[in-house]
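Protein chains: 2
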Amino acid sequence: MIFPELIVNSVTWVSSWSPYLQFPVLATASESEYAPVVLTGVLLSLVVIYLASKLGGELSRMMDFPPVLGELVGGVVVGASALHLLVFPESGAIATDSVIMNILQFIGNLSPEAVTSVFQSQSEAISILAELGVIVLLFEIGLESDLRELKKVGYQAAIVACVGVAVPFAVGTAGLMFFFHTPAIPAIFAGAALTATSIGITSKVLSELGHLKSREGQIIVGAAVIDDVLGIIVLAVVASLAKTGEVDILNVIYLIVSATVFLIGSILLGKFFNKTFVTIADKLQTRGKLVIPAFIFAFFMAFIGNAIHLEAILGAFAAGLVLDETDKRKELDQQVIPIADILVPIFFVTVGARVDLGVLNPIVPENQQGLIIAIFLVVVAIIGKVVTGWSVFGQPGINRLAIGVGMIPRGEVGLVFLGIGAASGAIDKPLQAAIIIMVILTTFLAPPFLRLAFNKQSGETEELVEPADLIG
Amino acid sequence: MIFPELIVNSVTWVSSWSPYLQFPVLATASESEYAPVVLTGVLLSLVVIYLASKLGGELSRMMDFPPVLGELVGGVVVGASALHLLVFPESGAIATDSVIMNILQFIGNLSPEAVTSVFQSQSEAISILAELGVIVLLFEIGLESDLRELKKVGYQAAIVACVGVAVPFAVGTAGLMFFFHTPAIPAIFAGAALTATSIGITSKVLSELGHLKSREGQIIVGAAVIDDVLGIIVLAVVASLAKTGEVDILNVIYLIVSATVFLIGSILLGKFFNKTFVTIADKLQTRGKLVIPAFIFAFFMAFIGNAIHLEAILGAFAAGLVLDETDKRKELDQQVIPIADILVPIFFVTVGARVDLGVLNPIVPENQQGLIIAIFLVVVAIIGKVVTGWSVFGQPGINRLAIGVGMIPRGEVGLVFLGIGAASGAIDKPLQAAIIIMVILTTFLAPPFLRLAFNKQSGETEELVEPADLIG
Numbered sequence: 001m002i003f004p005e006l007i008v009n010s011v012t013w014v015s016s017w018s019p020y021l022q023f024p025v026l027a028t029a030s031e032s033e034y035a036p037v038v039l040t041g042v043l044l045s046l047v048v049i050y051l052a053s054k055l056g057g058e059l060s061r062m063m064d065f066p067p068v069l070g071e072l073v074g075g076v077v078v079g080a081s082a083l084h085l086l087v088f089p090e091s092g093a094i095a096t097d098s099v100i101m102n103i104l105q106f107i108g109n110l111s112p113e114a115v116t117s118v119f120q121s122q123s124e125a126i127s128i129l130a131e132l133g134v135i136v137l138l139f140e141i142g143l144e145s146d147l148r149e150l151k152k153v154g155y156q157a158a159i160v161a162c163v164g165v166a167v168p169f170a171v172g173t174a175g176l177m178f179f180f181h182t183p184a185i186p187a188i189f190a191g192a193a194l195t196a197t198s199i200g201i202t203s204k205v206l207s208e209l210g211h212l213k214s215r216e217g218q219i220i221v222g223a224a225v226i227d228d229v230l231g232i233i234v235l236a237v238v239a240s241l242a243k244t245g246e247v248d249i250l251n252v253i254y255l256i257v258s259a260t261v262f263l264i265g266s267i268l269l270g271k272f273f274n275k276t277f278v279t280i281a282d283k284l285q286t287r288g289k290l291v292i293p294a295f296i297f298a299f300f301m302a303f304i305g306n307a308i309h310l311e312a313i314l315g316a317f318a319a320g321l322v323l324d325e326t327d328k329r330k331e332l333d334q335q336v337i338p339i340a341d342i343l344v345p346i347f348f349v350t351v352g353a354r355v356d357l358g359v360l361n362p363i364v365p366e367n368q369q370g371l372i373i374a375i376f377l378v379v380v381a382i383i384g385k386v387v388t389g390w391s392v393f394g395q396p397g398i399n400r401l402a403i404g405v406g407m408i409p410r411g412e413v414g415l416v417f418l419g420i421g422a423a424s425g426a427i428d429k430p431l432q433a434a435i436i437i438m439v440i441l442t443t444f445l446a447p448p449f450l451r452l453a454f455n456k457q458s459g460e461t462e463e464l465v466e467p468a469d470l471i472g
Numbered sequence: 001m002i003f004p005e006l007i008v009n010s011v012t013w014v015s016s017w018s019p020y021l022q023f024p025v026l027a028t029a030s031e032s033e034y035a036p037v038v039l040t041g042v043l044l045s046l047v048v049i050y051l052a053s054k055l056g057g058e059l060s061r062m063m064d065f066p067p068v069l070g071e072l073v074g075g076v077v078v079g080a081s082a083l084h085l086l087v088f089p090e091s092g093a094i095a096t097d098s099v100i101m102n103i104l105q106f107i108g109n110l111s112p113e114a115v116t117s118v119f120q121s122q123s124e125a126i127s128i129l130a131e132l133g134v135i136v137l138l139f140e141i142g143l144e145s146d147l148r149e150l151k152k153v154g155y156q157a158a159i160v161a162c163v164g165v166a167v168p169f170a171v172g173t174a175g176l177m178f179f180f181h182t183p184a185i186p187a188i189f190a191g192a193a194l195t196a197t198s199i200g201i202t203s204k205v206l207s208e209l210g211h212l213k214s215r216e217g218q219i220i221v222g223a224a225v226i227d228d229v230l231g232i233i234v235l236a237v238v239a240s241l242a243k244t245g246e247v248d249i250l251n252v253i254y255l256i257v258s259a260t261v262f263l264i265g266s267i268l269l270g271k272f273f274n275k276t277f278v279t280i281a282d283k284l285q286t287r288g289k290l291v292i293p294a295f296i297f298a299f300f301m302a303f304i305g306n307a308i309h310l311e312a313i314l315g316a317f318a319a320g321l322v323l324d325e326t327d328k329r330k331e332l333d334q335q336v337i338p339i340a341d342i343l344v345p346i347f348f349v350t351v352g353a354r355v356d357l358g359v360l361n362p363i364v365p366e367n368q369q370g371l372i373i374a375i376f377l378v379v380v381a382i383i384g385k386v387v388t389g390w391s392v393f394g395q396p397g398i399n400r401l402a403i404g405v406g407m408i409p410r411g412e413v414g415l416v417f418l419g420i421g422a423a424s425g426a427i428d429k430p431l432q433a434a435i436i437i438m439v440i441l442t443t444f445l446a447p448p449f450l451r452l453a454f455n456k457q458s459g460e461t462e463e464l465v466e467p468a469d470l471i472g
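Protein sequences, first through last, are from chains V and S.
According to UniProt numbering, the stretch in the first sequence is residues 1 to 472, in order.
According to UniProt numbering, the stretch in the second sequence is residues 1 to 472, in order.
Extracted from the complex, chain V is given alone in its bound form (with noise of 0.2 Å):
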């Protein structure tokens, strides 16, 4: 505070002494200029992300709910719905709304302008490093994704994931278009959010419960896998959709050939390129040498899932799944952890930042419209996922409810299609709105259904569940 000239001043005295030089002096300031004041406010950002994802996410974890509802929660508190400590230009936010700046300038005496420029700097910084967040948390799906217990659960789990990617997407699509007048491609866009289902959520309640090698739980977690992989291709489809602006039915075959062949391409060409990845990184020496390859891998697949007009994240699912089946996978697993750690709570965190749940205050008469999509969005969530449990064959006795309820938590997964829908700016902010509430309501509440649908099943076959092993 003793200088808050320095920062101002720096351009004046690179011209003052360039004179003097025996070589010109090649940068332009322009750039470089504000670039400390940037790298202030993307730190104080960063700690402001930090500080939400984990108050939000133990205080969600103490309440007995997925910790990643309270990063998102925590993300809605700081953002443009209450603190207005994260906000960003792209939703309508200028530079004097961000509390972040606010404290910039009041530290660095900064101009208008130079506000201006750091925000747009700032927010572009943190919006790739939430970029990198959601790759590197579909990288780590995949790692966690195994593709032979898929065929161990075999075709039950393919048909719960079928029907609970089909009958909520149709479902929810077609009402979004008749009963609210959606166009096309928010109502698309809705639909696919409405398909996914989280199989981080889903698997750790079903540990808690202690249904996890349960025959219903091997069905569920099988069919959370397959639906990852279908609600990927969904979401590359859907996304792709968005960008070109109409429902092109070839272009829907092609990216659903293409998104196919990339994923299963990737696979099968990765059975060779896993000996070589093995080969390599046992050869390498230095610091890094088993997750530097892995990351040049997941990188170099999100840029080429970029490049063809899918998706970044689809590529690095696809690097994931490829490197799960290497003897590297524990190792590598356990070292992406931390980089996921840092990386992915930016994601969901910006998410919640990015909605503004004031436009659901039912105060507002415009915000009526906003509030029944989302009461329909829940009610399709519920019901589409529910009645996949019914379309379980050959299994006599199977818990029919409890597979449906266990497939409905949307969790992160849907918070993925959320956030590209949004930043692609397909999806309006009462659509936004609704879909938060929609994936924070199915994840809140399937815990206590599934408990439910288990205790039930538990009192009619006399193996009753413990209450301390509920809350466990």
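Just to be clear, a hint being listed does not mean it is correct.
One copy or two, either will do: identical chains are not told apart, so a pair holds if it fits within one copy or between any two.
[What the hints assert, rightly or not] In silico DSSO-like pairs for lysine-lysine, Cα to Cα no more than 27 Å straight-line:
hint	residue 1	residue 2
1	K289	K330
2	K275	K243
3	K328	K289
4	K275	K289
Hints were generated in silico from the structure; no laboratory data involved.
Keep in mind that this is a model prediction, so the values were computed, not measured.
Got chain V sorted already, so can you dock chain S onto it with the hints?
Below, chain S without anything else, positioned relative to chain V:
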């Protein structure tokens, strides 16, 4: 490649369906318009950076040099000096100079204005990632530095460190100003870069030679730790000086005092915070329960460091020193490693990429001055550290030459100085290249020199070291 018009058309379709919406689309297309292309560029840049760092690092290690040197040279190869894959606007490059931008333009059929905008955003994103890399590096160096270690080697190490900072700084700065008529600020920056000793490289070379636990080894490591702290204070002073543009004695005193108060104050406060940190980390139950609180602390300290006009890395280093004193040290160290593995190479490779070694081509007459500067810096860098061995007192029979030679490698710490000097615009390109040559040569020469120095001693004391041990 089938839909080359997809990306450029994304604005059109947003406006084409927005009239049908019930709510106005608040998102401005201008910022998010090229967001997927920026992401594609960032991903491709990261692939290039990681490939350069791993190829360079491994080749360097195979030639028995520290891997970090290879990462730097890898950066030089992919950067402005050779392949032009990774170039930056602030070093005078335009979008068409960048091979990556040409690839993106080919894939996305972008307009020249779009390419310029994408180039700017992508370069800013990579620069921020590199800044986060050096922050994480200094946090890790802080975590690895041990205050208790210093107490054992005591005065000897402190004197070696002080002489090793004072002599190269004074001789280097004065020499540049007197012989080469370099202006004060760049001369001081170059002098400051001469003060560094790489604790990482030094301790690695010592352990490779089996001399880490010897009396000489203990003094070298202790001095390198103190040198690290001194170097960061010198860097903070120099960088802040660069911002004001003149050598202001009061400012120097203020900065030395504030850097010392900040560092020592945060360590003292850290004694209390330690327990709070452990208590918090023990209470947390969700993923990232150790690494997220640690990064909140590190980034907050880095923010404070930047905000009080010191350096972000000073805060990160202090945070590392504080957390090194907790019981969580080992666990945290383990988790920071993969994070550093993926972020730190971005820093080293971009430092290398920003330097244009072309200015040191001796065939071009204007370059000869730069080359002479490089030779001068290398001589000062070696002699200025070798003399430190003779500042040791009360240790009869000690290998003074080995101690002096052990302080020679500048390594990553020298590059930190260079990177910050280059980013602030304080060092012109010939001087940057001269410093980088000094860093490369001191780090390349130190391992064989140190081997010779210890061998001489070993021969005299009949304590022969087997050649196999030397290579190991």
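Hint numbers contradicted by this structure: Of the numbered hints given earlier, the structure breaks just one, which is hint 2.
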